[in-house]
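K.L.:
Sequence:
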Amino acid sequence: MRNPDNNILALPILKKKAGERGVAGKEGIGKSRLEALSDGIFAFAMTLLVISLTVPLVPDWEAPALLPGMIADMFPEFLIFSIAFFIIAGYWLAHHRILRSIDFVDDRLIWINLLLLFFIVLIPFTTSISGDYNAVLEAVLLFHINLLCASIALTLIWLYIRNQYANLTNDTEPERRRIQFDTAGRVRALAIPAITIVAIFVSFINPAVSMWCYLFIPILMVAGRKAAQLGRSHD
Numbered sequence: 243m244r245n246p247d248n249n250i251l252a253l254p255i256l257k258k259k260a261g262e263r264g265v266a267g268k269e270g271i272g273k274s275r276l277e278a279l280s281d282g283i284f285a286f287a288m289t290l291l292v293i294s295l296t297v298p299l300v301p302d303w304e305a306p307a308l309l310p311g312m313i314a315d316m317f318p319e320f321l322i323f324s325i326a327f328f329i330i331a332g333y334w335l336a337h338h339r340i341l342r343s344i345d346f347v348d349d350r351l352i353w354i355n356l357l358l359l360f361f362i363v364l365i366p367f368t369t370s371i372s373g374d375y376n377a378v379l380e381a382v383l384l385f386h387i388n389l390l391c392a393s394i395a396l397t398l399i400w401l402y403i404r405n406q407y408a409n410l411t412n413d414t415e416p417e418r419r420r421i422q423f424d425t426a427g428r429v430r431a432l433a434i435p436a437i438t439i440v441a442i443f444v445s446f447i448n449p450a451v452s453m454w455c456y457l458f459i460p461i462l463m464v465a466g467r468k469a470a471q472l473g474r475s476h477d
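If you're matching positions, the sequence shown starts at 243 in my numbering and goes up one per residue.
Hint data in this document are derived by calculation from the structure and do not stem from the laboratory.
Watch out, some of these pointers could steer you wrong.
Derived SDA-like pairs (lysine to any residue); straight-line CA-CA distance at most 25 Å [stated by the list, open to error]:
{"#": "1", "residue 1": "Lys468", "residue 2": "Asp281"}
{"#": "2", "residue 1": "Lys273", "residue 2": "Arg339"}
{"#": "3", "residue 1": "Lys468", "residue 2": "Ala377"}
{"#": "4", "residue 1": "Lys273", "residue 2": "Phe320"}
{"#": "5", "residue 1": "Lys468", "residue 2": "Phe458"}
{"#": "6", "residue 1": "Lys468", "residue 2": "His338"}
{"#": "7", "residue 1": "Lys273", "residue 2": "Phe458"}
{"#": "8", "residue 1": "Lys468", "residue 2": "Trp454"}
{"#": "9", "residue 1": "Lys273", "residue 2": "Ile354"}
{"#": "10", "residue 1": "Lys468", "residue 2": "Ile340"}
{"#": "11", "residue 1": "Lys273", "residue 2": "Asp349"}
{"#": "12", "residue 1": "Lys273", "residue 2": "Leu356"}
{"#": "13", "residue 1": "Lys273", "residue 2": "Met312"}
{"#": "14", "residue 1": "Lys273", "residue 2": "Ile344"}
{"#": "15", "residue 1": "Lys273", "residue 2": "Arg404"}
{"#": "16", "residue 1": "Lys468", "residue 2": "Phe328"}
{"#": "17", "residue 1": "Lys273", "residue 2": "Tyr402"}
No experiment lies behind these values; they were computed from the predicted model shown.
Generate the whole structure from the sequences, applying the supplied hints.
P.N.:
The structure is reproduced here in structure tokens:
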């Protein structure tokens, strides 16, 4: 007779303690391997970004005269590199905050996570293209759409885990382990996709200027945190 607990296609996302049953009634897979894979890919993508910063070779005797100008001309590439680096760092931090709220993952969450990692791996490629051709609409759009897709994938992970938690009763998971969609959390989740959509529209007017839109992300983060603090003080 087949043991239903051997069905690996219906693993739960959570369980309370070892040996207890989770949301779907079966034990889940530990999240450590998923975190290790994700951390490695995030780190690798952040490291690959620097490859897009290359200075043309010039003869040694011409370097003192030409090098300062060439480095100054690299400012657009450096700007896009910086934006991509800190956005990937933001994705990693958000990913860490989401996964620390759970102990176990299921197949669906693994595949959604792999979708996120697919778009993260593409960021160095689209960063390099948009850095080399920052005035070309198609090149810049590729970068914006890449970030938008990564943001959507990360949001799907967040929503999937939140919905799994919604199926749990208060005595199943401690309050401190729950994912709270407070004001700051909502702003963090929506800041990058919202700014990316704005940047896409701006790129049709001026592709190079559209990159500056991402500088508003820290402002939105601070505003969200202040709004959350204000809301708590009124409660």
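K.L.:
Confirm or reject each hint.
P.N.:
The hints, checked one at a time:
1. Taken as a hint, the Lys468 and Asp281 pair is broken in the structure, with Cα atoms around 30 Å apart against an allowance of 25 Å.
2. A C-alpha spacing of about 13 Å is found between Lys273 and Arg339, which places the hinted pair at or below 25 Å, so the restraint holds.
3. For the given pair, Lys468 sits about 36 Å from Ala377 by alpha-carbon distance, which is inconsistent with the 25 Å threshold.
4. A C-alpha spacing of about 35 Å is found between Lys273 and Phe320, which places the hinted pair above 25 Å, so the restraint is violated.
5. In summary, the hint linking Lys468 to Phe458 is supported, as the alpha carbons are separated by about 15 Å, within the 25 Å threshold.
6. For the hint linking Lys468 to His338, the alpha-carbon distance of about 22 Å falls within 25 Å, and the restraint holds.
7. Restraint check: the Cα-Cα separation between Lys273 and Phe458 comes to about 33 Å, which exceeds 25 Å; the hinted pair is violated.
8. Of the pairs offered as hints, the one joining Lys468 and Trp454 holds, with about 23 Å between alpha carbons and a cut-off of 25 Å not exceeded.
9. Between the alpha carbons of Lys273 and Ile354 the distance comes to roughly 14 Å, so the proposed pair stays at or under 25 Å and holds.
10. With a CA separation close to 21 Å, the supplied pair Lys468 and Ile340 stays within the 25 Å bound.
11. A C-alpha spacing of about 11 Å is found between Lys273 and Asp349, which places the hinted pair at or below 25 Å, so the restraint holds.
12. Annotation: proposed proximity of Lys273 to Leu356 holds, straight-line Cα distance about 13 Å (limit 25 Å).
13. Annotation: proposed proximity of Lys273 to Met312 is violated, straight-line Cα distance about 46 Å (limit 25 Å).
14. Distance hint between Lys273 and Ile344 is fulfilled; the C-alpha atoms sit about 8 Å from each other, no more than 25 Å.
15. Restraint check: the Cα-Cα separation between Lys273 and Arg404 comes to about 16 Å, which is no more than 25 Å; the hinted pair holds.
16. Among the hinted pairs, Lys468 with Phe328 is consistent with the structure: their alpha-carbon atoms are about 21 Å apart, no more than 25 Å.
17. Pair hint Lys273 plus Tyr402 holds up; C-alpha atoms about 15 Å apart against a cutoff of 25 Å.
Violated hints, listed in ascending order, are 1, 3, 4, 7 and 13; each of the other numbered hints is respected by the structure.
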